[in-house]
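J.: Residue-level listing of the chains:
2 protein chains.
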Amino acid sequence: MTDKLADQIAFLQEIDRLKGVLRATPIADNSRRENSAEHSWHIAMYALVLADEAGPEVRIDRVIRMLLLHDIVEIDAGDMPIHEVHDAEAHAAKERAAADRLFGLLPAAQATEFRALWDEFEAAETADAIFAKTIDRVQPLLLNLANGGGSWIDYDVTLDQIDDRVGEKVMRGAPALWHHVRARVAGFFASQAASVPAPEAAHPEPRKP
Amino acid sequence: MTDKLADQIAFLQEIDRLKGVLRATPIADNSRRENSAEHSWHIAMYALVLADEAGPEVRIDRVIRMLLLHDIVEIDAGDMPIHEVHDAEAHAAKERAAADRLFGLLPAAQATEFRALWDEFEAAETADAIFAKTIDRVQPLLLNLANGGGSWIDYDVTLDQIDDRVGEKVMRGAPALWHHVRARVAGFFASQAASVPAPEAAHPEPRKP
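Line by line, the protein sequences are chains R and P.
Quick note: the first sequence uses UniProt numbering, first residue 1, plus one each step.
Quick note: the second sequence uses UniProt numbering, first residue 1, plus one each step.
Keep in mind that the hints were calculated from the coordinates and are not lab data.
Hints may contain errors.
Which copy is meant is left open, because identical chains are indistinguishable; a pair holds if it fits in one copy or across any two.
Claimed, not checked - No farther apart than 20 Å at their CA atoms in a straight line, the calculated lysine to any residue pairs in the SDA-like style are these:
| no. | residue 1 | residue 2 |
| --- | --- | --- |
| 1 | Lys4 | Leu50 |
| 2 | Lys4 | Arg182 |
| 3 | Lys94 | Ala183 |
| 4 | Lys4 | Ala183 |
| 5 | Lys169 | Ile130 |
| 6 | Lys4 | Pro175 |
| 7 | Lys94 | Thr158 |
| 8 | Lys94 | Arg172 |
| 9 | Lys169 | Leu5 |
| 10 | Lys4 | Val185 |
| 11 | Lys4 | His179 |
| 12 | Lys4 | Leu142 |
| 13 | Lys169 | Ala186 |
| 14 | Lys4 | Gly55 |
I would like the entire structure built from these sequences, with the hints used as guidance.
T.: Given below as structure tokens:
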């Protein structure tokens, strides 16, 4: 009993480090970048609030459990921004090693249970995992709409790239949600295009001294 | 459909502000104070990991839902440190007004559902709410053990005060967990007492110039 509790508390102390892992997206007021611990809380709330957008086969409490623990591997592997070019296989291997170490801190039965949930999320094949991925992908879009463009500007992202990297996955899990959010995102990009100065204005004749 | 989604998204954008509400307890590495959003994630993980410490009547997924949303009122009402002297009734009224406004951003049925969960947590009468309160009280103790005393030092807290303000509530929800954590906390206070310099050392004779 005591050993089990000691192992569980060691895990709970270790995962505190997720509060120090920074993501590419700034928080809504644009004051600083979001960390992965508060992101995990926010997407768990997204799942709870948007549960009706999931199909009837989705068990929302399992989705919430997946979302709460899916980023813990970032303590060792770091966050990989979706718009950053990277070696996906090398990063996945790093995450699997992180899962081995971090979930391995727990008593064996719990380590197996959490690892299975994380593997299910990563595989994105079950209805629960597909909806969880949907939620994880949608939240940064809403943050960028609130913070004025955030990581879209930093990574020079186009609407086509969002359709490609985010849209397809969100459509799979929550099509009505995607239609709603996509319209807002398209509005943002249209307003950005409209505010780009015309060439004449951008390169005015030098003013006479 | 669209109006419902718009209201839900407005709520999800508004609660991003919980990431800016600072608590009294520093995070484990003592680099900064914890915010209420990442705290909410951490205690949801506590509930998931320590579910076996709850009685058989506790439904852990309901506890997790409660913990995810119980601090949202702090966006308007602020965090009230447990060791700070305050007008409890005035603060409770502020929190109820915050719950009215914040949950009121949601579609009516969902606003009612979330408000009922929050009221249940606050009342601390059901088995789920009692366990949720237990978890919420235990996590700061473990953080302070990791960060070197944290808010205990800032608020000049004694072991008796912890027994009184925290121990009783944790005992109600998870007695074995309390015995384990209490022993660690007592060890911390004993080591602090041992390292306090003796009166002679604390008030040395003025050195001769």
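J.: Now tell me if each hint is right for this structure.
T.: Okay, the hints, checked on the actual structure:
1. Lys4 to Leu50: Answer is between: at 10 Å across copies they meet the 20 Å cutoff, but 36 Å inside does not.
2. Lys4 to Arg182: between (47 Å within a copy, 16 Å between copies)
3. Lys94 to Ala183: Neither way: lysine 94 and alanine 183 sit 36 Å apart in one copy and 37 Å across, limit 20 Å.
4. Lys4 to Ala183: Between copies only: 16 Å across chains, 50 Å inside a chain, cut-off 20 Å.
5. Lys169 to Ile130: Within. Shortest intra-copy distance 8 Å satisfies the 20 Å Cα cut-off; inter-copy 39 Å does not.
6. Lys4 to Pro175: Intra 43 Å, inter 15 Å, cutoff 20 Å: inter-copy only.
7. Lys94 to Thr158: Neither, since 29 Å and 44 Å both go past 20 Å.
8. Lys94 to Arg172: Neither. Shortest intra-copy (27 Å) and inter-copy (42 Å) distances fail the 20 Å Cα cut-off.
9. Lys169 to Leu5: Cα proximity of lysine 169 and leucine 5: across copies only (19 Å, versus 39 Å in one copy).
10. Lys4 to Val185: Answer is between; shortest inter-copy Cα gap is 18 Å, intra-copy 47 Å.
11. Lys4 to His179: This pair counts as between: shortest inter-copy Cα distance 14 Å, intra-copy 47 Å.
12. Lys4 to Leu142: between (40 Å within a copy, 16 Å between copies)
13. Lys169 to Ala186: within (17 Å within a copy, 50 Å between copies)
14. Lys4 to Gly55: between (37 Å within a copy, 17 Å between copies)
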